[in-house]
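Hey, can you work out the whole structure from these sequences and the hints?
Take 7 as the starting number for the sequence shown in our numbering and just add one per residue.
Check each hint, because a few of them may be wrong.
As a list, the in silico DSSO-like pairs of lysine-lysine whose alpha-carbon atoms are at most 30 Å apart [what the hints assert, rightly or not]: (1) Lys145 x Lys110; (2) Lys152 x Lys222; (3) Lys61 x Lys12; (4) Lys54 x Lys19; (5) Lys26 x Lys15; (6) Lys12 x Lys26; (7) Lys152 x Lys103; (8) Lys15 x Lys54; (9) Lys236 x Lys194; (10) Lys187 x Lys229; (11) Lys236 x Lys222; (12) Lys138 x Lys187.
Label-pair ranges, simulated between beta-carbon atoms [said to hold, decoys possible]: (13) Lys26 x Glu141: 30 to 36 Å; (14) Ala137 x Glu57: 30 to 36 Å; (15) Glu219 x Glu18: 45 to 51 Å; (16) Lys26 x Ser190: 47 to 53 Å; (17) Ile96 x Gly160: 36 to 42 Å.
Just so you know, these hints were derived from the structure itself, not from any lab.
Using N, Cα and C, we set each Cβ at its ideal position, and we do this for glycine too.
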Amino acid sequence: MGDHAKALKYHEKAREILEKSLPPTHPDRAVPYSSIADVYNNMGDHAKALEYHEKAREIVETSLPPTHPDRAVPYSSIADVYDNMGEHAIALEYHEKAREIVEKSLPPTHPGRAAPYSSIADVYDNMGEYAKALEYHEKAREIVEKSLPPTHPGRAAPYSSMADVYDNMGEYAKALEYHEKARSILEKCLPMTDPDRAAPYSSIADVYDNMGEYAKALEYHEKAREIVEKSLPPTHPGRAAPYSSIAD
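Here it is as structure tokens:
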């Protein structure tokens, strides 16, 4: 809702309660600090965001064993703040720390090992280093395909991410190809009534819009709208998104 002052007030209350009710070595004491950091990040107060993420990191490192994968989370969060600041080299450094922790703490077949690669890819995408972005998204895709069953919708995510990179490169045919792959996976994995089936149609529409093929863009936004209207109740705010896209 954008009421940052109120959000900070309530996260601060949560922090006070947890600090009174949990022992000093409990990792959940880090949660309010992360939440407060996220609010400051949304406000554009990056120095404060880093300060609170750093507090969360200290708690997590004190309370969790070296082999616990959740020790990676604060590093990823700090990296995201630096990425928002345009400090991409530092963002990559922190995402690399997260990746090292995850690789030491999760088995080779765990899908969670893909996340740091996707995050690193996103930073390279923001830097305009598209070849590197695709390289890391490809690594994420390989992990996901080895660790998730063929019927898992999570297998679609790397294809969507790679499609977005190709779209940013202006390689629209490739972008459409990868969004189609994501769409095919989701349609095989998700029930007809799942609203997430709409996402690839919206993404494909956006590519056509960037190509100047507005009739095709409208066609795919309409498909997304139909799925959303069949799968979400009349009062769900998610039903508004396709209309906004069509209007744009």
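Results of checking the hints against the structure:
| no. | hint | verdict |
| --- | --- | --- |
| 1 | Lys145 x Lys110 | holds, 17 Å |
| 2 | Lys152 x Lys222 | violated, 35 Å |
| 3 | Lys61 x Lys12 | holds, 21 Å |
| 4 | Lys54 x Lys19 | holds, 18 Å |
| 5 | Lys26 x Lys15 | holds, 17 Å |
| 6 | Lys12 x Lys26 | holds, 22 Å |
| 7 | Lys152 x Lys103 | holds, 23 Å |
| 8 | Lys15 x Lys54 | holds, 15 Å |
| 9 | Lys236 x Lys194 | holds, 18 Å |
| 10 | Lys187 x Lys229 | holds, 17 Å |
| 11 | Lys236 x Lys222 | holds, 22 Å |
| 12 | Lys138 x Lys187 | holds, 21 Å |
| 13 | Lys26 x Glu141: 30 to 36 Å | violated, 48 Å |
| 14 | Ala137 x Glu57: 30 to 36 Å | holds, 35 Å |
| 15 | Glu219 x Glu18: 45 to 51 Å | holds, 50 Å |
| 16 | Lys26 x Ser190: 47 to 53 Å | holds, 52 Å |
| 17 | Ile96 x Gly160: 36 to 42 Å | violated, 29 Å |
Of the numbered hints given earlier, the model fails hints 2, 13, 17; all others are met.
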